[in-house]
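Protein chains in written order, with numbering that gives the first Met the number 0: chain A, 0 to 440; chain B, 0 to 440; chain C, 0 to 440; chain D, 0 to 440.
Hints are computed from structural coordinates only; laboratory data are not their basis.
Bear in mind that the values here come from a model prediction, so they are computed numbers and not experimental data.
Hints may contain errors.
Claimed, not checked - As a list, the in silico BS3-like pairs of lysine-lysine whose alpha-carbon atoms are at most 25 Å apart:
1. B:K268 / C:K320
2. B:K396 / C:K419
3. C:K277 / C:K402
4. A:K423 / D:K268
5. D:K432 / D:K402
6. B:K419 / C:K419
7. A:K333 / A:K320
8. C:K396 / C:K320
9. D:K433 / A:K423
10. A:K279 / A:K256
11. D:K432 / D:K414
12. A:K256 / D:K268
Stated by the list, open to error - Which stretches of chain C does chain B cover? Using the computed rule of at least three CB atoms under 8 Å from a CB of chain B, they are:
13. 206-213
14. 218-230
15. 300-313
Glycine included, each C-beta is placed from N, C-alpha and C at the ideal position.
Each chain, written out:
4 protein chains.
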Amino acid sequence: MKSLLNKIPVITNQCRFNVFWNIFILIFILFSSIVISYRISFGLIRPDIYYWIIVFVFAMDVFLSFFMDIRIKYEVICDQRMIARNYLKTFFITDFLAFIPFFFLAFLIFGQQENKTFLHYFMLVLYGFPILKLYKIRHIFGEIQESLNFNPNVRRLIALGFWFIIGVNFIALGWCGIGASEKDRSFFDQYIRAIYWTLTTIATIGYGDYSPDKNSNLQIIYTIIVEIIGVGVFGYIIGNISLLIANIDMARAQFMKHMEEINVSMQSKNLPISIQNKVKNYYYYLWETRKGFDTGNLFTDLPHTLSTEILMHLNRDIIAKVSLFQHTDEIFIKEIVQLLEPVVFLPNDYIITQGEYGDCMYFLSSGEVEILIDNKVINKLGAGSPFGETALLKDEKRTASVKAVTYCDLYRLSKENFDKLRSKYPEFDENIKKIMAERQK
Amino acid sequence: MKSLLNKIPVITNQCRFNVFWNIFILIFILFSSIVISYRISFGLIRPDIYYWIIVFVFAMDVFLSFFMDIRIKYEVICDQRMIARNYLKTFFITDFLAFIPFFFLAFLIFGQQENKTFLHYFMLVLYGFPILKLYKIRHIFGEIQESLNFNPNVRRLIALGFWFIIGVNFIALGWCGIGASEKDRSFFDQYIRAIYWTLTTIATIGYGDYSPDKNSNLQIIYTIIVEIIGVGVFGYIIGNISLLIANIDMARAQFMKHMEEINVSMQSKNLPISIQNKVKNYYYYLWETRKGFDTGNLFTDLPHTLSTEILMHLNRDIIAKVSLFQHTDEIFIKEIVQLLEPVVFLPNDYIITQGEYGDCMYFLSSGEVEILIDNKVINKLGAGSPFGETALLKDEKRTASVKAVTYCDLYRLSKENFDKLRSKYPEFDENIKKIMAERQK
Amino acid sequence: MKSLLNKIPVITNQCRFNVFWNIFILIFILFSSIVISYRISFGLIRPDIYYWIIVFVFAMDVFLSFFMDIRIKYEVICDQRMIARNYLKTFFITDFLAFIPFFFLAFLIFGQQENKTFLHYFMLVLYGFPILKLYKIRHIFGEIQESLNFNPNVRRLIALGFWFIIGVNFIALGWCGIGASEKDRSFFDQYIRAIYWTLTTIATIGYGDYSPDKNSNLQIIYTIIVEIIGVGVFGYIIGNISLLIANIDMARAQFMKHMEEINVSMQSKNLPISIQNKVKNYYYYLWETRKGFDTGNLFTDLPHTLSTEILMHLNRDIIAKVSLFQHTDEIFIKEIVQLLEPVVFLPNDYIITQGEYGDCMYFLSSGEVEILIDNKVINKLGAGSPFGETALLKDEKRTASVKAVTYCDLYRLSKENFDKLRSKYPEFDENIKKIMAERQK
Amino acid sequence: MKSLLNKIPVITNQCRFNVFWNIFILIFILFSSIVISYRISFGLIRPDIYYWIIVFVFAMDVFLSFFMDIRIKYEVICDQRMIARNYLKTFFITDFLAFIPFFFLAFLIFGQQENKTFLHYFMLVLYGFPILKLYKIRHIFGEIQESLNFNPNVRRLIALGFWFIIGVNFIALGWCGIGASEKDRSFFDQYIRAIYWTLTTIATIGYGDYSPDKNSNLQIIYTIIVEIIGVGVFGYIIGNISLLIANIDMARAQFMKHMEEINVSMQSKNLPISIQNKVKNYYYYLWETRKGFDTGNLFTDLPHTLSTEILMHLNRDIIAKVSLFQHTDEIFIKEIVQLLEPVVFLPNDYIITQGEYGDCMYFLSSGEVEILIDNKVINKLGAGSPFGETALLKDEKRTASVKAVTYCDLYRLSKENFDKLRSKYPEFDENIKKIMAERQK
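Model the full structure from these sequences, guided by the hints.
Right under this line is the structure:
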């Protein structure tokens with residue numbers, strides 16, 4: 000048996016089956032909880048086809064949970080044993096209780112029971128066991144979010160909606176259960192009117208067409224409790240929805256606010272419209288390429304080794320293209336990578352001006368530049384091109400201008416930093432001197 | 000035909016016609032949406048004069064949209080072809096459906112229909128096509144805001160108001176449509192009472208004088224939906240209005256808060272009232288001239304070339320006045336501009352004291368100063384004047400005092416930075432030496 | 000006449016009469032607005048004693064406004080002419096209209112009028128003129144707040160309360176005015192019930208015992224308007240009250256939050272309780288002496304001359320006590336003052352340890368210290384004492400320890416800064432050398 | 000008597016009796032306030048068993064208050080006299096009035112009184128004296144929180160709940176007291192229905208089944224007051240609960256938000272999933288070990304002596320293990336401790352690479368590292384180990400690599416700082432030179 004199980008392959012997240020199943024089971028738990036609580040409330044408990052569908056689907060879920068890969072923190076675990084062990088430790092017990100048809104067993108033994116007997120109440124409880132599946136909802140939402148990688152605020156909004164439906168359903172059924180609904184209507188009509196009463200109450204509307212019977216302490220106390228909890232929770236939800244909606248695109252909101260400040264500031268300085276538009280377009284460029292998050296922050300927080308790894312990943316190719324740095328050590332490249340400063344140039348900006356004394360070289364990360372000698376375009380360079388490296392070797396005037404054609408993201412390597420590096424790595428210094436000697440020929 | 004169209008000039012935003020038309024069409028869409036939905040709800044569909052006015056105005060709007068300049072990001076586009084292409088890609092389809100009198104065509108073919116037949120419902124739908132114009136509302140608001148350049152929070156407030164009216168109108172008409180209104184009243188009275196019910200419900204008042212018929216599931220379910228959505232949206236709007244009002248003058252709010260902190264801090268230090276008032280007046284000066292935004296931030300975020308351009312625009316004239324810097328290169332002025340530090344002096348402050356060793360020169364950006372020799376006023380200087388430049392050339396004591404008469408915004412250029420510049424630009428250094436030699440004669 | 004007026008002295012704020020009058024007139028405007036609007040609403044307009052009291056008090060206010068000092072920004076203006084001119088420009092017109100007994104004049108001419116005639120309505124309007132005084136409320140609140148210098152959030156709370164009462168009063172009287180109140184009750188009972196209806200509506204309670212007549216469009220539309228505006232404003236007020244209350248002691252709230260963070264941080268580091276209590280007590284000390292505002296910020300924002308003035312005010316006396324700095328220039332003291340760094344020592348901390356090499360001197364700003372030689376207390380110093388100044392002159396080991404007895408706020412002057420100063424001011428340097436020579440004898 | 004009292008030992012907080020008693024008295028005050036106000040409202044005042052229990056418990060509380068240790072700021076005071084003096088100054092008077100059976104004394108003198116006589120009202124007031132205990136509630140909450148050291152937001156939530164119950168109880172009893180409840184029901188039923196009315200009103204539901212008698216001005220005015228205050232307070236509470244819940248785990252919320260930003264940033268840079276997971280896991284590690292609070296901040300705010308004390312506590316042991324620093328002065332260790340920089344390394348990161356020139360040594364604060372020579376693991380070090388100290392003495396290449404096995408928190412001591420220390424402390428420098436000489440042998 001065990002060997003058989005081991006043969007079943009672990010269902011990895013790649014094939015998207017996991018996400019599908021999680022979404023399905025989420026919706027299924029929502030409906031089954033409503034159906035089961037509805038039937039308990041009106042005493043309609045029978046092992047019919049709906050009952051067996053629930054039992055079957057929840058059994059399937061237990062089975063599949065042994066074979067679907069899981070995530071602990073950010074590591075995906077595909078080992079069947081670890082998955083099983085983790086499942087047994089976490090959700091197995093509630094899942095197990097939810098799918099075993101205890102009610103059916105009791106039904107077989109005791110048969111259909113009269114209302115208001117002890118056995119009847121006992122069987123109501125047994126019938127309600129699948130509601131335990133709600134315990135797993137939080138986990139399922141987490142799994143879906145991580146698989147689809149959507150905004151956590153959207154997840155929270157959906158989760159709020161889920162629990163709101165469950166909550167309203169339970170309050171409404173409680174209202175029916177204590178006999179406050181109109182008994183002469185059909186069960187479904189009672190249910191609809193109970194939901195109507197629930198919403199009218201917790202949204203603090205209170206038309207007064209449905210209200211507790213003045214002679215029933217039970218109904219009055221039930222209403223008091225719903226008023227305290229329901230109204231609080233409803234107010235909390237409304238408040239949270241505003242907040243969540245506001246947070247869904249917080250980056251954009253911050254960007255818009257920043258733009259507004261820039262705007263006011265430029266107007267108070269009476270800058271000409273052409274410069275104002277240049278500034279605005281620049282910020283739009285930043286927004287579109289960086290989504291408003293300052294990438295600088297990301298690296299400064301990280302440990303040295305990790306930030307170097309990221310920088311290496313981002314800039315390795317671009318550095319390898321420079322003839323100066325070919326045949327140099329990995330360690331050396333790592334050092335250079337940390338010395339690069341990101342700079343942005345606007346269209347038509349001169350990055351290098353012919354005749355200036357150069358004190359740095361550039362690596363073009365994105366965008367396009369033109370090489371001009373005596374104001375004639377002699378070449379164009381695209382993303383990934385290094386230029387101006389002679390300035391690192393000798394104090395000469397720039398022999399050509401470089402002009403940005405589009406917005407350009409560049410990395411700048413200053414002579415100062417480069418010289419420090421040379422003095423630190425004598426082998427590299429030798430290498431450079433050789434290249435210089437060759438070039439001067 | 001095409002050549003004819005090309006002769007029609009593009010209506011640019013300069014002549015303000017665009018703003019006028021956008022505001023008109025905004026209000027017109029609001030009213031026509033209400034009128035059309037009202038008539039559909041009560042089955043009052045006829046191709047009467049109101050109908051033809053709507054058709055005509057929306058046709059005009061389609062026509063004009065081909066000839067009004069547009070903005071993409073911050074660039075105004077006046078080319079008739081690009082405008083037409085852009086319009087066809089964006090709002091043409093809905094605009095087109097909204098103005099074609101489909102209903103009239105159907106009316107010609109089928110004539111007036113009995114209630115509750117399929118054709119009747121079909122013609123209701125055709126009659127409702129102009130409501131599609133609502134799709135363009137967001138765009139129109141954006142256009143108006145950019146033309147008039149008003150506070151985006153004010154725009155959002157107005158937009159909220161717009162959609163609130165539309166929303167309440169639709170909910171109320173829905174209430175009439177499902178037969179929940181008092182049938183024996185006139186259509187208009189039914190409409191007023193439906194609006195009354197809608198507001199009483201979504202504002203969670205719920206008098207209970209109008210509430211769904213207890214025997215109508217349809218009305219109860221409709222109310223449930225209005226309660227969930229309407230109440231949520233109403234709460235969201237109330238919450239947003241507070242926030243928007245708070246944000247309309249956020250700069251002022253932040254300023255007031257800062258003043259409060261300053262106040263508490265000065266009181267806890269037991270500063271004399273005269274100094275406290277000096278500090279407060281200083282902050283009021285800052286607020287009035289800079290609207291509370293620190294202009295420093297604006298420049299630090301920008302790329303070097305752009306911030307230089309802004310600085311050049313702001314300070315070029317003032318620098319050109321200094322005889323030292325006349326006959327100097329454009330590049331050189333650019334360098335100086337970046338070395339200026341903004342400083343503020345209060346009325347009666349001594350900017351330069353006679354007899355001190357000077358280490359900087361100043362450019363008076365705004366305000367008025369007095370030149371004093373031996374405490375006698377010998378001259379006054381207004382905005383745009385440079386002074387103290389001899390300190391940049393030789394280590395002498397200041398030969399005169401300079402005293403601020405009003406609040407003065409100055410730029411400071413230190414000898415240290417100036418010397419760096421001289422060593423960097425040998426031509427300029429030569430120039431300076433010549434001027435010094437001449438002066439010393 | 001004019002010369003007579005000039006003899007009347009300006010009532011300055013010192014004698015507190017201004018504040019008293021402002022508070023009185025504030026309350027009086029509240030009551031008179033309610034009384035007048037009540038009488039207009041029920042048509043009870045007669046030139047009785049209450050009417051003449053209002054006329055008299057408002058006439059007094061106009062008179063006094065010519066003689067009470069005013070504030071423009073933070074300057075108090077006591078010149079009678081400027082006061083009069085300012086008053087004529089600002090509130091004179093409404094104040095004038097409010098006190099002239101137009102109604103009485105009309106009453107003399109036309110006599111008591113029948114209800115619902117044009118003249119009756121005209122006289123209702125004339126009777127309502129004193130309500131114009133509400134225009135001045137904002138100004139009066141501002142005056143009171145500045146005189147008493149209380150928290151601006153408290154002011155806003157009180158102002159909110161004021162306008163809330165006025166608003167509820169007007170809505171309620173409107174309700175009576177359109178005939179929605181129970182006509183068979185007394186005027187006062189109608190008023191009370193109208194207020195009850197107003198509050199029940201705008202607080203969104205909506206019992207439904209009072210609601211608009213289903214057959215009166217006027218009442219229904221009035222209710223719709225109250226629902227939209229009243230509910231919005233009520234929600235806004237509730238939201239603002241929370242915010243204002245939260246802001247009243249924001250400094251404390253920030254402090255408490257900071258303490259909480261410190262707490263968690265110390266617990267996660269497993270620091271012993273004794274150190275934890277030391278840290279907590281230190282922050283409590285900071286809170287009690289500085290109210291949580293970092294005084295550093297205050298000075299950095301200010302222009303150089305102003306911050307120097309504040310520092311001079313705070314530290315002048317303490318510096319003048321040092322024998323080294325006696326007989327030195329004012330300019331020199333100004334320089335020193337800017338070099339002082341504030342430091343705090345805890346009880347039992349050693350500020351100076353005997354035998355150490357000293358590199359700074361201290362000025363004790365508040366607190367008490369002990370001088371110890373070889374662990375024996377030989378002296379105590381209180382606030383205002385300088386010590387350790389020999390370290391500024393020569394590189395010697397400290398000859399005594401100094402220990403904090405209580406929490407001590409000190410200013411530190413480092414030898415490094417002191418030496419810079421000496422090299423900058425040769426006269427001072429000479430002075431110091433002399434003192435050193437004398438001491439060495 | 001006094002000597003006897005002195006023999007009773009002070010009950011310190013160690014034995015937890017204080018917390019127990021405070022919680023008990025808190026709940027007891029809640030119940031007794033409700034019971035007493037209930038009885039006063041319905042005129043059920045009699046010196047029965049419940050009355051005597053209250054008298055007895057409150058007498059106990061007065062007695063115990065003389066013997067329970069108290070806290071002033073963060074110092075625990077155990078001196079019996081100071082406790083007594085403090086108690087007499089603070090809560091003794093109200094506690095005293097609350098426990099003396101004034102009512103019983105009056106009952107003995109006057110006997111049971113008829114309703115609505117003056118004496119009856121007087122005795123109602125006397126009966127109500129124990130409600131004065133509510134004055135102490137705030138203090139009790141503070142005591143409990145400090146003893147159990149739980150989240151202050153949780154405390155505020157519980158306190159809000161407490162006062163909410165008290166408030167609703169008083170409003171409901173007021174409603175009964177003014178005769179608005181249904182007189183033909185039992186007292187308890189009236190009370191339940193009054194609470195139902197109260198909640199329905201302040202939660203702004205307003206069914207309208209219970210509302211003030213239209214003919215009773217008293218009831219209408221009472222309702223108006225409840226509407227203004229109750230609704231405002233209820234709204235305030237709902238708003239605060241949201242805020243408090245949001246603040247309970249603010250650290251986590253900030254962490255989650257930061258993670259979200261990191262996520263977006265990494266996605267926009269197209270970093271490979273493996274690096275993304277590394278970054279995420281790193282932040283999770285930080286969160287788990289530091290709870291999101293940057294410990295750096297904690298120390299920078301503190302005075303030098305205090306931060307040194309904390310650093311000494313945290314790092315003393317680890318430094319004492321380094322043979323270099325043995326036999327060195329306490330003062331010297333203090334200096335070193337301030338030069339340590341915290342650094343983090345990830346699993347598999349090389350902390351030291353064989354063959355590099357070293358410029359620092361490390362102290363392993365937590366985690367595990369491997370020592371490798373020529374890529375062979377030759378040793379493992381655990382928390383508390385120093386390594387790489389030879390680099391501080393001479394410029395040699397590293398003779399071994401050190402690799403992090405787990406996440407490692409280290410402190411770094413650079414050669415630069417170490418050399419400064421040597422030049423500052425000549426004795427220490429001698430010591431180091433000796434050790435070096437020995438090692439070189």
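Comparing the hints with the structure gives:
The suggested pairing of K268 of chain B with K320 of chain C holds, with an alpha-carbon distance near 21 Å, which does not exceed 25 Å. Note on K396 of chain B and K419 of chain C: the hinted pairing holds, with a Cα-Cα distance of about 19 Å set against a maximum of 25 Å. This hinted pair checks out: K277 of chain C and K402 of chain C have alpha carbons roughly 17 Å apart, not beyond 25 Å. Annotation: proposed proximity of K423 of chain A to K268 of chain D is violated, straight-line Cα distance about 31 Å (limit 25 Å).
Taken as a hint, the K432 of chain D and K402 of chain D pair is broken in the structure, with Cα atoms around 30 Å apart against an allowance of 25 Å. With a C-alpha separation of about 22 Å, the suggested pairing of K419 of chain B with K419 of chain C holds against the 25 Å cut-off. Restraint check for K333 of chain A and K320 of chain A: the C-alpha separation of about 15 Å stays at or below 25 Å, so the hint holds. Distance restraint check for K396 of chain C and K320 of chain C: the Cα-Cα separation of roughly 23 Å lies within the 25 Å cut-off, and the hinted pair is therefore satisfied.
A hinted pair counts as satisfied when its Cα atoms are at most 25 Å apart, and K433 of chain D with K423 of chain A does not qualify at roughly 30 Å. For a cut-off of 25 Å, the pair hint linking K279 of chain A to K256 of chain A stands: about 13 Å separates their Cα positions. Straight-line distance between C-alpha atoms of K432 of chain D and K414 of chain D comes to about 15 Å, which keeps the hinted pair within the 25 Å bound. Our distance criterion of 25 Å between C-alpha atoms is met by K256 of chain A and K268 of chain D, whose separation comes to about 24 Å.
With 5 residues having a Cβ less than 8 Å from any Cβ of chain B, the stretch 206-213 of chain C passes the three-residue criterion, so the hint holds. Under a criterion of three residues with beta carbons nearer than 8 Å to beta carbons of chain B, the stated coverage of the stretch 218-230 of chain C is upheld, 7 such residues being counted. For the stretch 300-313 of chain C, the proposed coverage by chain B is satisfied: 9 residues have a C-beta within less than 8 Å of a C-beta in that chain, meeting the threshold of three.
Hints 4, 5 and 9 from the earlier list are contradicted by this structure; the remaining hints agree with it.
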